[in-house]
Amino acid sequence: MELAQRHGFPLAGVLNLDQARGAISNDIARYDTWLGAGMHGEMAYLQRGRDRRTDPALVFDGAKGMLCVATPYGPRDGDEIASPATQADYAKYLRGRDYHVAMKERLEALLSEAATRFDFSWKVCCDTSAVLERSWAALAGLGWIGKNTCLIHPRLGSYLFLAEALLSENPGGAPRPMRDHCGKCDRCLTACPTDAFPEPGALDARRCISYWTLEKRGPLTLGDDDGAALGNRVAGCDICQEVCPFNRKPRPPLWDEWRDAAADATALRDWETLLNESEEDYRERVRRSALSWVKPHQFRRNLALSLASVAGELGQEVVQRLLGLVIRREDTESDPDALAAWTYCRARMEQALRSRVPHS
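Under the working numbering, residues 33 to 392 are what the sequence shown spells out, in order.
Among these hints, one or two may not hold up.
Taking lysine-lysine and the PhoX-like style, the derived pairs with C-alpha atoms no more than 20 Å apart in a straight line are [to be verified]:
1. K96 with K155
2. K248 with K136
3. K136 with K155
It should be emphasised that the hints constitute simulated quantities derived from the structure, not laboratory data.
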């Protein structure tokens with residue numbers, strides 16, 4: 033679709049909802065099974081919004097059609113696939129401007145231009161107020177849903193932002209799902225350090241690092257194995273995407289909103305700098321990014337647990353220097369969940385100093 037391409041969406045497809053509803057019934061059944069098994073964890077909004085997510089007409093009264101779009105957000109040129117233990121790591125989708133805002137603005141602009149030629153109304157969805165967007169996108173031919181539950185395109189991979197527009201008119205698009213190209217590959221399943229995939233195509237959020245660091249509220253208590261699996265990840269996790277063969281050559285972002293490293297809230301990765309960051313500075317840093325969905329006390333909790341996880345991999349002088357900052361954080365922390373994490377971090381760092389020969 034030329035119009036979608038001009039607005040920065042290399043992938044786009046339209047659906048006639050009357051024709052597509054039957055085709056999505058299996059996905060709805062799997063979603064209900066997933067909810068019934070409690071694999072959504074504490075994300076109660078997924079259960080509360082079940083009907084709206086499975087029936088677009090409840091989101092936009094009179095919806096007859098749907099436009100699905102996607103744009104890549106893969107690693108920028110020169111980006112490392114993953115950060116080493118000497119610095120914090122973030123999921124790639126958190127870089128740059130908040131995708132909820134950017135995607136909606138771009139899609140609204142596309143629709144406004146289309147409305148100069150055609151008479152219709154619409155409602156834009158992107159993650160929040162969402163329908164089952166990966167399922168609809170797959171039916172619209174934007175890719176297939178992989179064993180890691182991500183939408184995968186054979187050329188663009190899985191680092192994709194998705195958005196939808198529910199339309200008052202029927203665009204006439206029949207479902208045209210793409211063939212599943214995963215085959216026997218199970219790299220995403222075996223690479224997951226927490227075994228968060230009980231079966232292909234099913235993610236147990238309760239075992240997922242992204243859920244722990246982005247969605248889990250309150251205390252986060254990890255055993256030794258889970259603590260080691262967390263590693264240096266302070267917000268989100270990309271492991272199941274990093275190992276995917278279709279992401280060997282991921283498409284870098286097309287939009288300035290995610291290309292500009294200077295505006296990247298996740299560029300701050302140095303442990304010492306993060307430990308010295310005030311709550312006000314954190315709020316300012318993440319203000320325009322999707323990282324703003326992670327509250328300051330939640331990020332401090334994550335920071336403490338991640339640093340505890342990698343303490344044994346850092347040199348002695350580094351651990352000693354950081355330990356002083358951790359103790360200061362512990363002494364001044366007001367949030368009980370973050371305080372528990374700082375106390376745990378302090379113990380792990382002291383243990384690292386006692387129990388192993390340091391390396392530089």
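Going down the list of hints, with the structure as the test:
Using a Cα cut-off of 20 Å, the hinted pair K96 and K155 holds, with the two alpha carbons roughly 12 Å apart. For the suggested pair K248 and K136, the alpha carbons sit about 26 Å apart, so the restraint of at most 20 Å is broken. The hinted pair formed by K136 and K155 meets the criterion: a straight-line CA distance of about 10 Å does not exceed 20 Å.
Going down the numbered hints, you'll see the structure goes against just number 2.
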